[in-house]
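Participant: Heads up: the sequence lines are chains U and S, in that order.
With the numbering used here, the residue at position 135 of the first sequence is 135, and numbering never jumps.
If you count the second sequence from 1, you need to add 1000 to reach the numbering used here.
Don't take every hint at face value.
FRET-style restraints, in silico, Cβ to Cβ [unchecked claim]: (1) Trp1084/S with Thr286/U: 45 to 55 Å; (2) Leu141/U with Glu1047/S: 52 to 62 Å; (3) Arg200/U with Ala1211/S: 48 to 58 Å; (4) Thr1100/S with Ala290/U: 22 to 32 Å; (5) Arg36/U with Leu1207/S: 32 to 42 Å; (6) Arg209/U with Ala1211/S: 48 to 58 Å; (7) Asp268/U with Gln1152/S: 51 to 61 Å; (8) Leu1168/S with Ala211/U: 27 to 37 Å; (9) Leu1207/S with Leu235/U: 33 to 43 Å; (10) His1231/S with Arg209/U: 52 to 62 Å; (11) Gly1155/S with Ser225/U: 39 to 49 Å; (12) Arg1145/S with Glu46/U: 58 to 68 Å.
Covered by chain U, per the in silico footprint, the following chain S stretches (three or more residues, Cβ under 8 Å) [said to hold, decoys possible]: (13) 1230-1241; (14) 1298-1304; (15) 1308-1315.
Partial chain U-side listing against chain S, Cβ under 10 Å, derived [what the hints assert, rightly or not]: (16) Leu192; (17) Asp193; (18) Tyr214; (19) Leu219; (20) Ala296.
It is worth saying that the hints were derived from the structure and are not from the lab.
The beta carbon of each residue, even a glycine, is placed where N, CA and C say it ideally should be.
Take a look at the letters that make up each chain.
There are 2 protein chains.
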Amino acid sequence: MQRLENIPGHETAAEVLAPYLHAQAGEFLRSLRLHREAGPDNHSTEEAARALRAAARRISATLHTFRPLLDAPWADQLRAELAWLSGTLAGEHALTARLTRLLDALHRLSGNQVPPPRGDSGSLTVGAARAGALLDRQLTLARTRAHSAALQALGSSRFHAVADAVALLASEVPLASAAAAHAAEVLAPAALDAEDRLERAVAVLPLARAARPYNAEALVQAGESQDSPWHQVRLLLRLHRYAQEVLHHGLGATVPTERLVAAGCALDRHRDAAEAASAAAAAARTPRIAPATAYALGVLHADQRHEVEAARFAFQRVWQPVAVTSAPSATTAAP
Amino acid sequence: MQRLENIPGHETAAEVLAPYLHAQAGEFLRSLRLHREAGPDNHSTEEAARALRAAARRISATLHTFRPLLDAPWADQLRAELAWLSGTLAGEHALTARLTRLLDALHRLSGNQVPPPRGDSGSLTVGAARAGALLDRQLTLARTRAHSAALQALGSSRFHAVADAVALLASEVPLASAAAAHAAEVLAPAALDAEDRLERAVAVLPLARAARPYNAEALVQAGESQDSPWHQVRLLLRLHRYAQEVLHHGLGATVPTERLVAAGCALDRHRDAAEAASAAAAAARTPRIAPATAYALGVLHADQRHEVEAARFAFQRVWQPVAVTSAPSATTAAP
């Protein structure tokens, strides 16, 4: 972990925290305006929603990590409302991405470019198209529902209350008295707490196992039930990263976050693949599907679970970048 | 590759080749006697058949690699007959091993030890038992047929002719006139040819890709059609290894073959996993199976194809044991 060598010193916590929250609130409002101005089904709508969620995540993370320096009831209330908003807005995008991921994987697995080979993979070629159609139907339906829910949310009085709260935040941050202390005394320790929580969570991950490629851990059912600690690390990593942003924002410096971003990407991929695998398994439980469809969904499920395993491997490589010892025996890589 | 530093010198090729073939022929006959003496369904029958096939492989490889030093029509004829015999005897064992591999994988994938989890993997738990029963039925039937075929072969006049030919070989090797030359001049170059054929075949394998874990190459259909170059390397590796044995047998020395054995193990695993994946795919084409069964077979197929990929990775690690560079970006390991 990069330690906070250049932590703010003479500023008060309020002098660091308030400008950051002002900036994020401004970004939230700007994205909201862009979202309203963009037409439906527009690429810029999606971009605006993404920026809106990014600002909401940063505000929410800041309210969480630096809660002792803020008006706590206000912070808790706003966080809950931002979580509701982010969740509602994220659904449609997540379902679109999941469908794309699954259809791309099916396309890759069935090798649509090449003529269907003889023998082995016949049932995959047959089933892949049907499995794709089934997933398309199920996830498009879910996406349409998520889209309606998002539209409804954006028109609700609950949403307007959140927008008003963020608009206030753009000019004024409800601080606790502790925020008058030096940033080095109260802000930096809170950020370090976030880092410690992350490191404790990473410490219990089975990284030694993840470091061995093809450990075949993620495909077994026990492996699936082990997803949550990784999802938890993904959230704690984000909190840590945004806490670093707050500190560095105070210094007007760029945050050295390549490693955190790379680790976050691996964990995003972990989450996406795990959810795609679940969607494939869920589709396989659709009544009266053809065996060839079910077979293709089984292959797809396993493929995405291997993506989960690959993402754990990638995270480990980012997090513990030690040189792999050379010339292992053949059995080292065997499961 | 270990080069042949201590190749035989003053002996003639015949003086190296004949004792090796005598020894292997003796081993063949000893195994054959053990096989006859052992009862049916006996572990020692299996052991004897394994030793018989190992001796047949070594004789056959020697006849192939050192063909210019032998009576060619005799060598070609005996090789063909040994191939027939090995193939006939190998079937039952291969089917037993394949069934064990597939049932073990299903057991691992469905996590039989743990109580069935809620959600996701329901259809796998349901289907795994049925898929296991289906594979058991199909492979046991095939194994019974292979067993009958082997029994029939062992009682045939064709087999007795092979046994007679090997019995002759135990005391006398039909040599060509070239075998009278110094071993260093004719035997070592033939062994080097075998090594060169191996190295040329390895050179066209996609080892750079295999070196990147989770390249997701083996699961796609194009990946499956790429199995044969690896199978070919497996055979050439064996020819090279046995040629080394011949040379070192002449020296009374032990062969330094750890690396060759490890590489061979990886390629055996490659072959076994590829064939198991095919068997899972074939079972999925059984008419009127339940979707849950087909789903489990799809997961199983994908699992075994990942084993194929893992075996390629293991082979590459044995063959090109260079230290992996540290700290790759997260995208390096991404497919």
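Participant: Each hint needs a verdict: does it hold in this structure or not?
Facilitator: Do the hints match the structure? See the list:
no., hint, in the structure
1, Trp1084/S with Thr286/U: 45 to 55 Å, "holds (49 Å)"
2, Leu141/U with Glu1047/S: 52 to 62 Å, "holds (59 Å)"
3, Arg200/U with Ala1211/S: 48 to 58 Å, "violated (34 Å)"
4, Thr1100/S with Ala290/U: 22 to 32 Å, "holds (30 Å)"
5, Arg36/U with Leu1207/S: 32 to 42 Å, "violated (55 Å)"
6, Arg209/U with Ala1211/S: 48 to 58 Å, "violated (21 Å)"
7, Asp268/U with Gln1152/S: 51 to 61 Å, "holds (60 Å)"
8, Leu1168/S with Ala211/U: 27 to 37 Å, "violated (56 Å)"
9, Leu1207/S with Leu235/U: 33 to 43 Å, "holds (39 Å)"
10, His1231/S with Arg209/U: 52 to 62 Å, "violated (31 Å)"
11, Gly1155/S with Ser225/U: 39 to 49 Å, "violated (54 Å)"
12, Arg1145/S with Glu46/U: 58 to 68 Å, "holds (59 Å)"
13, 1230-1241, "violated (count 0)"
14, 1298-1304, "holds (count 6)"
15, 1308-1315, "holds (count 5)"
16, Leu192, "violated (25 Å)"
17, Asp193, "violated (26 Å)"
18, Tyr214, "holds (4 Å)"
19, Leu219, "holds (6 Å)"
20, Ala296, "holds (6 Å)"
The structure does not agree with the numbered hints 3, 5, 6, 8, 10, 11, 13, 16, 17 stated previously, though it agrees with the rest.
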